[in-house]
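With chain D held as given, fit chain G onto it using these hints.
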Amino acid sequence: MAQLNMVKAINQALREAMLEDENVVQMGEDIGQDEGVFRVTEGLLKEFGEERVIDTPLAEGAIAGCAVGMALYGLKPVCEMQFSGFAYQAYHQIEGHMSRYRNRTRGRFNMAMVIRMPFGGGIRAIEHHSESREALYAHNPGLKMVIPSGPRNARALLIESIRTLDPVIFFEPKAMYRAFREEVPDEIETMPIGKSQVVREGSDITLITYGAMVRPTVEAAEDLADEDGVSAEVVDLLTVSPLDTETIAASVSKTGRAVVVHEGPRTCGVGAEVTARLVENAFFHLEAPIRRITGYDVHFPYFAREQAFLPNADRIKHAARETLAV
Amino acid sequence: MPRKNIKIETKIEHLSILDEKGKFDTALEPKLDGDRLMYMYKMMLLTRRLDERLLNMQRQGRIGTYAPVRGQEAVQIGSVVDLRPSDWTVQAFREPGVCLHRGWSINTIIKFWGGYEEGCAVPEGVNDTPIAVPVASQVPHITGIAWGMKIKKKDDVCIGFCGDGGTSEGDFHEGLTFAGVFKVPAVFVIANNQWAISIPREKQTAAKTLAQKAAGYGMPGIQVDGNDVLAVYAATKEAVDRARAGEGPTLIEAVTYRLAMHTTADDPKKYRSDEEVKRWEKRDPIPRFEKYLREKGVLDDKTVEELEADVAETIKKGVEEYESTLDCDPLDCFDYLYNEVPAELVEQRAEFAACLEREGVRTGH
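Sequence lines, in order, name chains D and G. Each residue of the first sequence is one higher than the one before, counting from 1 in our numbering. Each residue of the second sequence is one higher than the one before, counting from 1 in our numbering.
Any given hint could turn out to be false.
[Stated by the list, open to error] Computed footprint of chain G on chain D, listed as stretches where at least three residues anywhere in the stretch have a Cβ under 8 Å from a Cβ of chain G:
id, region
1, 47-58
2, 94-108
3, 159-170
4, 242-254
These aren't lab readings, by the way, just hints derived from the structure by calculation. All C-beta atoms in this analysis are idealised placements derived from N, C-alpha and C, irrespective of residue type, glycine included.
This is chain D alone, in the form it adopts within the complex (with noise of 0.2 Å):
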């Protein structure tokens, strides 16, 4: 067991997977020779060589359609978008090609390859390096889109993502790359893709998120037990599509209240799925309507306002209290 941060997780995954399946490469901008602007990729070059650990021009339209080519030859290809706000230009191959190809092709060609970015706010950044646009994803058939929260899941996940046949977008919550640190096994441990986790037990209300906002989350919780005796259960959704009704349906039945909880904008973001589904398969169980803290409906602030713009502890407290007075 070796105590990691998130950014040394994921490092150890994409190690990982490239020794133990040589149709593994590597491609983004920075990650090589500078070992990613985040460290991500740190000594993968050195390990791997060039021809695996891609150094490519900077064109995110064609690191991601040469990774479609790639994988259609065969290839395995995991590809970093420096940040998820300048994937836009690769989207295109991926709404168009990524997500279409086995479909398209009758299962002939699988589109096995991954998609990996930091999303998220909190770390101070220019414009474009904020934004939480998970849902564009989750909204486009073919595609699985996954969200870990800490160094031990993102290792799990990411190996599991590079393993299977279908098409991953791998959301890395930057504000967590080196918040923490969590002990992660030696031996490669994997998790399933759709599959969420109860990461804390509770009886009188759900809280449901994702990602970075999984610590105020858990904060909330166990402010809520601390100051009001309430106890909160946390789901940490950790894949985003497909979404797992039955972890949350099955909590929401027990606690017959919910609070969604994420940093993406409000309207058809995830906690909007996710309030659909429980409205569908827990509504007899629910004794108060479900709230959601999330983005409001506009453009991420400039870092100045971010602080005061990201959802917190104590708005999902007082959401939660609000919830339980009904």
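Showing chain G alone in chain D's frame:
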């Protein structure tokens, strides 16, 4: 000395071997035996006759919108006829000639235009990609496949196509940029048919040729008479040999002409003159190749008649196969999306099945 010329190593040649009158350059003429030449002619003829048939079928409402290929047969057959099965081709959306040579059934080719995903089900063992609808979006795939060949240390090549309109897209620029930097074994063929729907080639770029764009990507470029199958063959062979030898990619601009409409949904009279079309009809790739073959003693009236009959029979069988396999199962839109099917799709599939059953739509066949 504030200003001096930078020497850029580039030359753009135009290659033509067989002209529209059937005259040819014996020094440049590729050495192809009679059977090979006959095969090329037959494939061009099959492409032409299938195209005519599909246009008719569209007019009769037997298939949907169709993108005709009339006039571009030489680009397609000349460029791929020498490939190995382990080489790959990447088509845009107007390359039925490529598919016919590479082993796609006529049934599969028609299926796409008939509105069936089956038309993109690349036959097992055939290393091609299916039609890519968004213009030039397939160009980075050419690079990626060729890159895979390089990483896997194979001496195979990937030949891919796009149109003159496609050269304006970012995907074209990015795909060729990467191909140049990583020196992948790719051959990019621009089928410059002069018109991107209603936009003429001169409004696509101010550059004098499309071939010269190669210089910007650090690769050789050549312009060929795309209606001269011998020139297309010769230029592609050079490019393929270079790619196989590890010397990197090539850009080929094949100057041709779309004699028919962009698709059956537009009327070219709205944007181009009949005189222009007539001028290009005189440069039709098939009659000039026929003249060449007659002069070579490979073809005579009798063989042409036999070939026409053979091609007609092949098309007839293909159309019959298409029309006898029109049944499809709407439910199977769920069946190819993922390897590991999510629970929500299993539920949605069941819901859809119940709808179809209520509505009396036959499924499960």
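Against the structure, the hints:
Using a Cβ-Cβ cut-off of 8 Å, 5 residues of the region 47-58 of chain D lie near chain G, which meets the minimum of three, so the contact claim holds. Residue count for the region 94-108 of chain D with a Cβ under 8 Å from a Cβ of chain G: 9. That meets the three needed, and the coverage hint holds. Residue count for the region 159-170 of chain D with a Cβ under 8 Å from a Cβ of chain G: 3. That meets the three needed, and the coverage hint holds. Here's how the region 242-254 of chain D fares: 4 of its residues keep a CB closer than 8 Å to some CB of chain G, so the rule of at least three is met and the hint holds.
Consistency note: the structure conflicts with none of the earlier hints.
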